[in-house]
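Undergrad: Residues per chain, in single letters:
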Amino acid sequence: MSDLTSAGTAVGGGPVGAGGPLPDQPATGGRERSASLWADARRQLVRDPVFVLSCLYILAVGSMAAFPKLWTGQDPRDCTTDRSRLSPGGEHVFGTDILGCDYYSHAIYGARPSMIIAIMATGTMIIIGGSLGLLAGYYGGWVDTIISRVMDVFLSLPFLLGAIVFLTVIKRQNEFTIAMVLFLLTWPVIARIIRGSVISSKDLDYVQAAKAVGARNGRVMFRHILPNAIAPMLVYATIVLGSFVAAEATLTYLGVGLQPPAQSWGIMISTHQVYFLEDPWLLLFPCGLLVGTVLSFILMGDALRDALDPKFR
Amino acid sequence: MTDVNVKMEALAGVDPNALPLQVKDLHVEFRTRNGIAHAVNGVSFDLRAGETRAILGESGCGKSVTAQAIMGILDSPPGFVTGGEILYRGVDLLKLPESERRKVRANRIAMIFQDALSALNPVFTVGFQLAELFRMHRGMSRQDAKARAVELLDLVKIPAARQRVNDYPHQFSGGMRQRVMIAMALALDPEVLIADEPTTALDVTVQAQIMALLAELQRERNMGLVLITHDMGVVADVADRISVMYAGRVIEEAGVDDIYASPAHPYTKGLLESIPRLDLKGQELSAIKGLPPALTNIPPGCAFNPRCRYTQEVCREDPVPPLYQVSPSRTAACHFWKEVKGDE
Amino acid sequence: MGRYVIRRLLQFIPTVLGTMFLLHYITSLAIQFSGNPVRALFGDRTPPPALLQAITERLGYGDPCLDRKGDPCLWRAAEDGGGLLGSGYELGLFFDRLHGIFFNFDFGINLRQQEVTDLVANAIPFTLKLLVIAIVFEAVVGIAAGVLAGLRGGSFLDYMVKISTVFVISVPIFVLGLVVREFVGVKFGNVLRGQDWIPDLISVGVFSPVFKPDYPLASLIIPGMVLGSVSLATTARLTRTSIMENVRADYVRTAKAKGLTNKRVIGVHTLRNSLIPVITFLGVDIGAAMAGAVVTETIFNVPGIGRLVTMSARTGESSVVIGVVTMLVLVVLLANLLVDILYAVLDPRIRYE
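In order, the protein sequences belong to chains H, U and E.
For what it's worth, UniProt numbering labels the leading residue of the first sequence as 1, then goes sequentially.
For what it's worth, UniProt numbering labels the leading residue of the second sequence as 1, then goes sequentially.
For what it's worth, UniProt numbering labels the leading residue of the third sequence as 1, then goes sequentially.
Since the hints were made in silico from the structure, they are not lab data.
Be aware that a few hints might be false.
[Stated by the list, open to error] Partial list, derived from the structure: chain E residues whose beta carbon lies under 10 Å from chain U: (1) Arg253; (2) Leu260; (3) Ile276; (4) Asp347.
[To be verified] Away from chain U, derived, C-beta distances all over 10 Å, residues of chain E: (5) Phe12; (6) Lys69; (7) Asn190; (8) Gln195; (9) Ser203; (10) Pro213; (11) Ile221; (12) Thr280; (13) Val284; (14) Leu330; (15) Ile341.
Just so it is clear, CB atoms sit at the ideal spot from N, CA and C, and this is done for glycine as well.
So here's chain H without its partners, still in its complex pose (with noise of 0.2 Å):
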């Protein structure tokens, strides 16, 4: 994934900051509308054959990387090299790798790390970078221009390159840097989205009428304010998540981010692109993985967004 900021709005064709304020429904207050608002998208979402596919795989790899004891009783680490690459079948169902380890185990505890970054990465872009975006679309003025200016800093950095930057001179590789790293990243991206769905909603009439009456900063935004940022917010999320998935794998076949003897999928693939004529299943399998993975997360997040955004219906 060399392109994160252009995901976002390949997918659905219209950027997902533009979705925020329900142009077409009138402004009767922002708890209804939204109310009914996530009520149709669930019903229209669980319709979805997609939806529910992505869904079920994405829970599958998440218990896999929850709860890995689950999916196998065999240590990836018990290795003994004179078994080295062995085709799939009989006791190793995904065959062993080149250390003579388990296959197949070393996918299912190969998932932990991407899920952790990817989580952790995400979490974090939501909650800096949204309180980010809230802050420079509510005020506007100079606070507006000062996070725009920093936003501008961040995404001037190609985002492979910047990864690289930062993780060649920090020299220490694990989950918790990598996750950083791709945070600082992206927040710009979702600080926008979040910005221009609040520069949008902060004009209607029911947050003019609410800050009439009197209410403080604080419960206007996030009462009235919000709530219609909610719902692009998590589109990209979910997308987000998959191309972290991705950047992460990238990252590790690059040699900047997670290092052996860590297991990860991006490991098991740099590691056996060299014998991918000979014993394809030693790429197949954990590319199968990563790439179901990354494209559940897109597809969710398409289907999401075609639930959420009025002008899809």
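For this one, chain H is given, so just place chains U and E on it according to the hints.
TA: Chains U and E only, in chain H's frame:
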């Protein structure tokens, strides 16, 4: 006028003595995912040279669709002409191949759109968009065409035409933009001009100027004008004859004085009563109650029956009320036209 | 137009300075917390003190501010006590670096004391060729597919564009690159190389699994296409959406009402408007493609800038990584600026705002 004669030879079957525009029993439907919307259900009208025919109705009654069908610029799909004839000097345009039909547009029948800002291409200069007509239809060089564009801007009274020809649409004011639209429509000397709500987007003072300009140019060129509008006020000043449309049908057709003096259809009457009048100051303004029907679900019988105060059983049943001959020169599609007319 | 360009320039300068500062600060922090990276680079070997000294000096790692954790290295105590405006401080390491970059074109050196600018100069022709192939491939195929899909919504091609967008976005470029290298370069290439009648340019050059110096352009075609395919689907999707919006636009209807041929209505009136966002995207995408080149060049072993960055990153030569990335970021920022100006040229509404 020699120019016009040259054009006429180019289209086979043209009868110079036939009416410039005749629409007969036109049907248009939109096939959408939510069902078929019957936008136009048998519209007929004639247009004489030099005459102004107003087509009056609320938004969604099919008046703009009729105009687009005449021009042959319906978005298709979903829009389809499913029946009827559109005759230009006796030639049915609907039967012409697209290549012939294309030559009719702008050359013989031209159109002015409602919102000039979105109807003009934002990325080309006004001069380019005017000159394009001469280059594509008359094979003129860029230079000659540009010179003609300046002449046209002069014709529609845009000041400093020579400089403004290089400006982009968004650099003009609303009224000036509409003048550009008029210039574009008149460029190739059409015999019929269709103006689709030409003044709706404009200020009242500018509206009057634009209507005056249109009327003046029409007189000079003896053009037939189809004026599509929902504004009774505009109609009273300029129209010769009026077709009132409701739910895709013409429900009343008459000369302008007849309609204003004694409407023969309850809908027309309702429209007239809803005009604010200075001499009735202080009285409650009457409005037509209810909403026009969805075009996917037009009620049986008279489409206006749910909103009509004259409704009786016969109005709720098919067939649709026929066009009754109210007088030799006017018709109305109401079973009770006598009551409506006499009820003044 | 002039005012627009000036306004954009005024926004451009703080962004450049901010980005430079970000890169500067992250390196400074790394040094402040983990010590002089030059010593660490030599690993177990003990470098000759003179060499160590020279490199440290040259990279500015001797600055005392690097001993204070968290110091942004903006100011330092002036040696003569006077300093800037008599404050006792003068401009610090950050400004030395800016001075080096903008006035002396100095982006640092590597361990063997080669200038980063020289390293980049050697590598850049390959990367440029790769980028040109990628962008041309992406633009031509992407726009063509997008236009056709947009004009016929719901057609087979439309679905192809839709599906391939999602697919290409979810396959990380390194997985795609690996698969293409092994299947097309090795497997299919071996079949071709077994046939006598196929010219070497095709079998050995184009379908080579890695870059071949003997075929400097031919063997970059497949890597370039892999690089371009990342944004190909996005380009197609964007063009499709844009076309679909524009064919229904009022001015397209006007163009039809003017009796223009269908070819002209689509080719001139619709396309000109629809391509504005696409061209903007392609411009901005140069930055993304440059980052993507890091992966593509590593997979196909192309001796370009991307591989220079990965190799230096793997060996921990941070001075090279920083130098090269600084340079690339400047290029990207400049490209973005040019795209914005191009946007104004293409869309008169922006120009006269």
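Undergrad: Does each hint hold? Answer for all of them.
TA: Status of the hints after comparison with the structure:
no.	hint	result
1	Arg253	holds, 5 Å
2	Leu260	holds, 6 Å
3	Ile276	holds, 7 Å
4	Asp347	holds, 6 Å
5	Phe12	holds, 25 Å
6	Lys69	holds, 55 Å
7	Asn190	holds, 50 Å
8	Gln195	holds, 49 Å
9	Ser203	holds, 47 Å
10	Pro213	holds, 46 Å
11	Ile221	holds, 35 Å
12	Thr280	holds, 14 Å
13	Val284	holds, 20 Å
14	Leu330	holds, 31 Å
15	Ile341	holds, 16 Å
This entry satisfies every hint, going by the numbered hints stated previously.
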